[in-house]
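Protein chains: 4
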Amino acid sequence: MGHEQHQELIRALHECMTACNHCYDACLQEEDIKMMTNCIRLDRECADICSYLEQAICRGTPFSAALTSVCAEICEACGNECKKHAHDHCQRCADACFACADACKSA
Amino acid sequence: MGHEQHQELIRALHECMTACNHCYDACLQEEDIKMMTNCIRLDRECADICSYLEQAICRGTPFSAALTSVCAEICEACGNECKKHAHDHCQRCADACFACADACKSA
Amino acid sequence: MGHEQHQELIRALHECMTACNHCYDACLQEEDIKMMTNCIRLDRECADICSYLEQAICRGTPFSAALTSVCAEICEACGNECKKHAHDHCQRCADACFACADACKSA
Amino acid sequence: MGHEQHQELIRALHECMTACNHCYDACLQEEDIKMMTNCIRLDRECADICSYLEQAICRGTPFSAALTSVCAEICEACGNECKKHAHDHCQRCADACFACADACKSA
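Chains as they are written, first to last, in this note's numbering: chain A, 4 to 110; chain B, 4 to 110; chain C, 4 to 110; chain D, 4 to 110.
Mixed in with the good hints, there may be bad ones.
Treat identical chains as interchangeable: a pair holds within one or across any two.
[Unchecked claim] When the alpha-carbon atoms are kept at most 20 angstroms apart in a straight line, the in silico SDA-like pairs for lysine to any residue are as follows: (1) K87 with M4; (2) K37 with P65; (3) K108 with Q10; (4) K87 with K108; (5) K108 with S72; (6) K87 with D98; (7) K108 with A89; (8) K37 with A68; (9) K37 with A102; (10) K108 with M38; (11) K108 with A80; (12) K87 with P65.
Just so you know, these hints were derived from the structure itself, not from any lab.
Let's have the full structure, built from the sequences with the hints guiding it.
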């Protein structure tokens, strides 16, 4: 991974982690929370793996190939779920998830 | 994953996390620390992914297949490194790593 | 912290982390999820700090006093919330939280 | 915590986590690693609490007062250790740690 790809990946992971935690927090306050349970679950899964990978990349993990691959899978699943919901926080989260999945796949 | 496999996986992850953190702590106190740098690195990688996966399994993550696969890879790498060193903490850590890799692959 | 207190603390943290993640997962499947939102939030807070502290204690953190104090606070808050709900998973989680708070305070 | 303080805290935590992981990775490659063992330990402690707190703040944790307080303590300890070493990565890490401790105390 070149220095620029590394920086871009860190940035994408950080934005995705932020967006997922914000969406998680907002979903728990929605009136239609019953419809948001998968979104709440996937937001946490996605925030946790992005946060994990961010640290791993920063410490020069030798396992970046396997970890970016699983992170891309989780980001896509979370993005697909968020995309279904009209709430602004869900739509913004979906965008961050898809951007992060792309950054993981290019890393 | 059946209930028994689930319990066995949680147990193996917990023991591996414990052994890796103990080995990390002990390596940092060894006289021959220069020879232990890969062990220190891999102990942290392995402790972190085991701790991560333990929580993910406990909350019913939908990504257990991908996560157990990457965890098995990291456990094996850590076990192979620890196996090279005669220190008791390294040998015990290697055993915990290989047992955890097996539990991940059977999950 | 003596060796027995150390082992007891690790055990209590592990059981609390497990119970909180199970309660989190179960709350997200409850019919009355609207009433469970604080429980979902606190289960995650508590699972995350217990998992964090477990690793920190295992690696001989020099910050155990400050970390066990904040963990006890979070465990008590989660236990108090869970105690309000009749669901079995909430009652069991409350017990694990209070036991863990006690272990943190005795450490 | 106002919106600007929140943004500033997230930024400081992220930069401190990045600097600590970079310093950890670089210390493990130093010739004088024997002198760097406390730095390696504290870099990990500090990276882990900053990463933890970043997520907690982003999801609106109700425990921000207790968590920022313990994070400030750990950042200061890590900054004080790093400050002793002339390596560029240690000096840059010390700066990030002290800035993060300040952000935690103002939050």
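Item to check | Copy assignment of K87 with P65, given that the CA separation must stay at most 20 angstroms | outcome: Intra 36 angstroms, inter 18 angstroms, cutoff 20 angstroms: inter-copy only.
Checklist entry - What label fits K37 with P65 when the C-alpha limit is 20 angstroms: within, between, both, or neither? => result So K37 and P65 pass the 20 angstroms test across copies only (19 angstroms; inside, 41 angstroms).
Next on the checklist: Treating 20 angstroms as the Cα threshold, decide for K87 and M4: within, between, both or neither.
Outcome noted: neither (33 angstroms within a copy, 29 angstroms between copies)
Item to check | Homomeric proximity label, K108 with S72: Cα distance no greater than 20 angstroms | outcome: For K108 and S72, both the intra-copy (7 angstroms) and inter-copy (18 angstroms) Cα distances are at most 20 angstroms.
Next on the checklist: At most 20 angstroms between CA atoms: does that hold for K37 and A68 within a copy, between copies, both, or neither?
Outcome noted: neither (36 angstroms within a copy, 27 angstroms between copies)
Next on the checklist: When Cα atoms must be at most 20 angstroms apart, do K108 and A89 count as within-copy, between-copy, both, or neither?
Outcome noted: Classified as neither; 27 angstroms inside a copy, 38 angstroms across copies.
Item to check | Alpha-carbon proximity context of K37 and A102, limit 20 angstroms | outcome: Result: close neither inside a copy nor across copies, 27 angstroms intra and 32 angstroms inter.
Item to check | Intra/inter-copy verdict for K108 and M38 if alpha-carbon distance must be at most 20 angstroms | outcome: For K108 and M38, the Cα distance exceeds 20 angstroms both inside one copy (30 angstroms) and across copies (34 angstroms).
Item to check | Up to 20 angstroms CA-CA - A80 versus K108, copy category | outcome: Intra 14 angstroms, inter 23 angstroms, cutoff 20 angstroms: intra-copy only.
Checklist entry - Is the C-alpha distance from K87 to K108 at most 20 angstroms within one copy, between copies, in both cases, or in neither? => result So K87 and K108 fail the 20 angstroms test inside a copy (23 angstroms) and across (34 angstroms) alike.
Checklist entry - For K87 vs D98, is the C-alpha pair at or below 20 angstroms within one copy, between two copies, both, or neither? => result For K87 and D98, the Cα distance is within 20 angstroms only inside one copy (12 angstroms; across copies 38 angstroms).
Checklist entry - From the Cα coordinates, with 20 angstroms as the cut-off, is the pair K108 and Q10 best called within, between, both, or neither? => result Within one copy, since 14 angstroms is at most 20 angstroms while 28 angstroms is not.
The structure does not agree with the numbered hints 1, 4, 7, 8, 9 and 10 stated previously, though it agrees with the rest.
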